[in-house]
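Colleague: Please build the complex by placing chain B on the supplied structure of chain A, with the hints as guidance.
These protein sequence lines are chains A and B, in that order.
Residue numbers for the first sequence follow our numbering, so the first one is 1 and each next one is one higher.
Residue numbers for the second sequence follow our numbering, so the first one is 1 and each next one is one higher.
Treat the hints with care, as some may be off.
What the hints assert, rightly or not - If you want the footprint, here are the derived chain A segments under chain B, 3+ residues with CB under 8 Å: (1) 101 to 111; (2) 211 to 223.
What the hints assert, rightly or not - FRET-style restraints, in silico, Cβ to Cβ: (3) B:GLU413 to A:LEU147: 32 to 42 Å; (4) B:ARG508 to A:GLU151: 51 to 61 Å; (5) A:GLU24 to B:GLU215: 46 to 56 Å; (6) A:GLN195 to B:GLU413: 56 to 66 Å; (7) B:PRO349 to A:ASP98: 48 to 58 Å; (8) B:GLU413 to A:GLU24: 34 to 44 Å; (9) B:PRO349 to A:SER200: 55 to 65 Å; (10) B:SER657 to A:VAL203: 31 to 41 Å; (11) A:ASP98 to B:LYS516: 32 to 42 Å; (12) A:GLN20 to B:THR518: 29 to 39 Å; (13) A:GLN195 to B:PRO492: 18 to 28 Å; (14) A:GLU151 to B:GLY325: 41 to 51 Å; (15) A:ARG106 to B:ASP198: 46 to 56 Å.
The hints are simulated quantities; they were obtained by calculation from the structure and are not laboratory data.
Cβ coordinates follow ideal geometry from the N, Cα and C atoms, glycine included.
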Amino acid sequence: MGNTMNINLKVWRQQNENTQGHFEEHKVQASPDMSFLEMFDVLNEQLIEDGKDPIAFDHDCREGICGMCSMVINGRPHGPKGGVTTCQLHMRSFQDGDTVVVEPWRANAFPVIKDLSVNRSAFDRIIASGGYVSVNTGNAVDANSILIPKEVADTAFEAATCIGCGACVSACKNASAMLFVGAKVTQLSMLPQGQSERESRVVAMVDQMDAEGFGACTNTGACAAECPKQIPLSVIANLNREYYRAKLNGK
Amino acid sequence: MKLDAKIPEGPLEQKWTKYKSSVPLVNPANKRNLNIIVVGTGLAGASAAATLAEMGYQVSAFCFQDSPRRAHSIAAQGGINAAKNYQNDGDSVHRLFYDTIKGGDYRSREANVHRLAEVSTNIIDQCVAQGVPFAREYGGTLSNRSFGGTQVQRTFYAAGQTGQQLLLGAYSALERQVGLGNVKMYARHEMVEVVKIDGKARGIIARNLVSGKLERYFGHAVLLCTGGYGNVFYLSTNAMGSNVTAAWKAHKAGALFGNPCFTQIHPTCIPVSGHYQSKLTLMSESLRNDGRIWVPKKQGDTRHPNEIPEDERDYYLERRYPAFGNLVPRDIASRAAKERCDAGYGVGPSKMAVYLDFKYNMMNKYGRAEATKQGITNPDDATLLRLGKELIKEKYGNLFDMYKQITAEDPYEVPMRIYPAVHYTMGGLWVDYELQTSVPGLYALGEANFSDHGANRLGASALMQGLADGYFVIPYTIGNYLSKEIHTKPIPTDHEAFEEAEKRASERISGFLNIKGTRTVESYHRELGLIMWDKCGMARNEKGLKEAIEQIRALREDFYKNVRVPGSDSGFNPELDKAGRVADFLELGELMCLDALAREESCGGHFREEHQTEEGEALRDDEKFLSVFAWENKGDNNYELHREDLNYENIKIQQRSYK
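So here's chain A without its partners, still in its complex pose:
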């Protein structure tokens, strides 16, 4: 439907983690109502029909919640629009004749698997180091016996909406994962359920974050600016506060 747009794509191609990558140019005809990934679908079908290797990229839910899609578009993680993931970016955000440069997330802690796909298992390991409440199934008390003021619940929820896509890391010149870690620490440190492990959690998660090779935070704020879920920069301030608090208490 609508008008056809001609897009010049410069896409990062890389066979695997151990090979050198390069940019490859393609011309695609798109429609303004198409999503950015649907444009890649069209291009890939074309490539396959021409006997060429389709471009590998990660994607799954295509409704902005699974966190799987991950493209740096014209230098910005998830592209030019604020508050959306790549899959929710539509071609109407571009002009006919535009040249669009597409790269994978760039960070040492996220090695390239192929083309635009990267390995983000470092995030899983950070969560495994402490991003939980230690409560085995079957131990819970009645849900309403834990009263949580609405404002606290809302703020915890806001932090918990992180989709773990890694745009924050990709946006950061230091490839820091502080926004990601800060979001989880903030959620759990605010809630009564998270109190027992409040200090051990933050220390363990920060240690794991450092071990994975993520960089340090210099409070530039690119992470929060590019976060598709608009996780606020204040979670990093909170992460620092929680970390000092734990350290002061000898954790």
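Modeller: Quick look at chain B alone, frame taken from chain A:
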């Protein structure tokens, strides 16, 4: 084959309690020597893997996504039901049980559904204990809303992203066990074969999607928590990777497939906009709490919706179903939308859409309440809208944003345009009361099984079932099997059964790569989807289904001659992953049509045009079809039908009415 559902004896309310207190246990020392494989890490898989590991079993968990947190449960929007009766509005375990059976149009098992209703309350407690940030009232208590097919408020939610919050809770519990060394997690792995030894499931062959290698894993038991197969329709609200492959391989290894044609078409999705469309996006059923569905009273009315006066609008759900109004169950709302559009009242560019309008409640429900609260007397319409908008935003903000992003229209200003789309599959692997398939040691949990939703699932019940199965059912029922396996030593994976299974998988893969045809996998998938949607979708008839079966057979034959799968079997090759999944859909599609053809009645989401009341409602035939259809795969796309009769001892079966 005699199907034994293994439903415990005794009164309905005591079956589960008695079962739990008499089921054999495995002692902690023995648990450490028992390996359980869990395939899929959505709500059912993550909760099962975490809980079983907490109990002491050795668990290996697999998902095809890059992280267990990305399983498609993450996308569930509206909420999760539980019979907590926190709103003091008359809810109870019995009512949730009754609503679910009735909502399913009397095609599910009483005992399973009652158990589901019983454990629903534990789920909320467990999730809150994990730190899941549900919506709350100012006093700090949990908030509830209504969903379709019920007259109480029993749905717990976290804005429009409840699935995300519940899954992150289960994922945290899972990662905790990964950190403790009790779960070994294999992400970017896809199960491609079940390994059976002496008739029992003893492991899987998984393909490492990064290296392309086939890998062998032993387990004393295998749990499939692999979700539904809505993507057989190509366009659905499922994630792009959602597939039937694991369940289908289990089916080919002897597990019966229950009610494959029972598909849920969700009434409120964003309509298709072009031929390049890759998926459809749901607008949560929770929106029907505050959105009113209508079409113009005049056929082919092209006026802007805001210019159509109140008395020229047909609020057809409120008109046809005054008792439930906009909150009728999904199958009914979907058919009613189709009926209006087919009759020429559809709206939007394609005319295949109806309006979902929030303006009335924005002003009169929320705006007025807020105005009163703020002491504004005689507020004008603009004030009411402004005040109401804020509250609507708080409840559904992310959904409204998503709608705007996709359609470039602002739903705060103009009504949403919506149309039904494939969303969920009630059918799935046949399981008994213990969630065991017809293959000993092979279990199916969550959407992957067929058991709890009959012919139509009620909103906010999928999350409930996934977590019920994983947190509270399988941890007990698996004991009955594993208690007899404590003497079974881990079987080395050079056993011939593993060899053979790997060989089958490897031959299939090289088969795809060697066809070297001209058509893309995607093009076959799209064509299959169209056949399914046209002939096995919202309305089905004998002629169409027979045509569909022929068309699918021809398409499948062509696939194996002409498909082009690029690349090789080593390294990362998403096209190859897709080829395997589409090949399985090409078989499943035929079985769905056979099932729909054999079930000569209408029930829930299964609407056979030959069987309807004068008012166009589904007409069941309880004499002939009060049963589960469980299909056995006889090889080469031949199937044998087995039936499990459903016995209703507690609920009086009647014509379902929401009028």
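Colleague: List in ascending order the numbers of the hints, as given earlier, that are violated by the structure.
Modeller: 1, 2, 5, 6, 7, 10, 13, 14
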